[in-house]
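Participant: Sequence:
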Amino acid sequence: MTIAFLFVALFALMFIGVPIAISLGLAGSLTIIFFSPDSVRSLAIKLFETSEHYTLLAIPFFLLAGAFMTTGGVARRLIDFANACVGHIRGGLAIAAVLACMLFAALSGSSPATVAAVGSIAIAGMVRSGYPQAFGAGIVCNAGTLGILIPPSIVMVVYAAATETSVGKLFMAGVIPGLLLGLSLMVAIYIVAVKKNLPALPRATFREWLSTARKALWGLLLMVIILGGIYSGMFTPTEAAAVAAVYSAFIALFVYKDLTIRETPKVLLESAKLSIMLMFIIANAMLFAHVLTTEQLPQQITAWVIDAGLTPVTFLLVVNIVLLIAGAFMEPSAIILILAPILFPIAMQLGIDPIHLGIIMVVNLEIGLITPPVGLNLFVTSAVTGMSLTATIKAAMPWLLILLAFLILITYVPWISLALPNWLGMS
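Our numbering puts the sequence shown at residues 6 to 432.
Treat the hints as calculated values from the structure; they're not laboratory data. Do not rely on the hints blindly, as some may be mistaken.
As the list claims (entries may be wrong) - For each label pair, taking beta carbons as the anchor points, the in silico distance ranges come out as: (1) Leu222 <-> Phe10: 53 to 61 angstroms; (2) Phe240 <-> Leu206: 38 to 46 angstroms; (3) Leu188 <-> Arg208: 41 to 49 angstroms; (4) Thr265 <-> Val418: 17 to 25 angstroms; (5) Leu188 <-> Phe240: 42 to 50 angstroms; (6) Gly314 <-> Val418: 18 to 26 angstroms.
Model, not experiment: these values are computed from the prediction. Ideal Cβ positions, reconstructed from N, Cα and C, are used throughout, including at glycine.
Starting from the given sequences, assemble the full structure and let the hints guide the process.
Facilitator: Pasting the structure below:
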């Protein structure tokens, strides 16, 4: 009865247009008020506990680092470097856009930020060189999803907080899948480019390549600092996020000088707004998850799954279907905070590695970012290109098939996700 009320309240509120964060918080609060022996004071305590979660402190710092990198000209330099590397291949500008998305994803941790930063420059460049606008928009919209798969990833931080798994191990687990997905998109682009006879840039000389590499170096170094620092044990992922934020500010202000001291408060304010919005969603989603846990729903579902005789293969198929549906309607962090506490105990019972489950969830949520009606990347791409939302969806759909095929591969070949953390001996 309690659980039924909780979900009916949630969907009723969302249906009448209440924002997702407030819907989650209200549904949880009303359930506690009407059905729980807990006092109303437990609401305030639970919301405060959420803000105390040390792992989640990484989120505002990664967002701040991403804001400095996006506002500064890092994206432009990464695109120039990517063009110098692969621009001479048939369809090279589009392949370079994917490479730039991969590089920028390793700096920002956010998919919409990756689409905004790379898309605003790369799509216009493709159109000038004779590519159809829809082709460029579809590619960047899909390649931008790498923002949450290639470490550092804000969504991985949320999963780690919800399931108490290692953020460092999750980050390492995202490296090979991220590179593999980027490579798959590049191969698909090359095949299409050869068939459609799309243009290629003149081959860059070694001197030109060296010049673009030198300019992009400061941005690329951030990846080394974050992942090298975490793996070598110099600092925790949360500390790595803080270092990334300071480093990004230093690079944007004093090395590239794309940003003036006077403009800094504006960047701080923008990332603060984004942080508050995300943390508000997380706090309310954790309250909702708390009600689920106190009502023993995860344990009940685990018992039911075991009794129903679901194998790991069928369970993961169900997980993918549920996450793909949820991803079309909700924000990734909220989905993880609601569903991870339910799915995690079942996965443990069936012998599925928690890190593997995390990567499966992240890939599903990537697909959610380009699935209407609430796919964030679609809205960002539409805003960046000036294309209508319908045209953007049509442009993104063919490439979505690659992501779906990749999801099946990641789901049933755990080695892809676990090879690197195991090889590095991360416990």
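Participant: Does the Cβ pair Thr265, Val418 satisfy 17 to 25 angstroms?
Facilitator: violated, 49 angstroms
Participant: So does Leu188 sit 42 to 50 angstroms from Phe240, Cβ to Cβ?
Facilitator: violated, 30 angstroms
Participant: Range hint 41 to 49 angstroms: satisfied by the CB atoms of Leu188 and Arg208?
Facilitator: violated, 21 angstroms
Participant: Does the Cβ pair Leu222, Phe10 satisfy 53 to 61 angstroms?
Facilitator: Holds, at about 56 angstroms.
Participant: For the range 38 to 46 angstroms, tell me whether the beta carbons of Phe240 and Leu206 fit it or not.
Facilitator: holds, 40 angstroms
Participant: Cβ-Cβ distance between Gly314 and Val418: within 18 to 26 angstroms?
Facilitator: holds, 24 angstroms
When the structure is compared with the earlier hints, violations turn up for hints 3, 4 and 5 and for no others.
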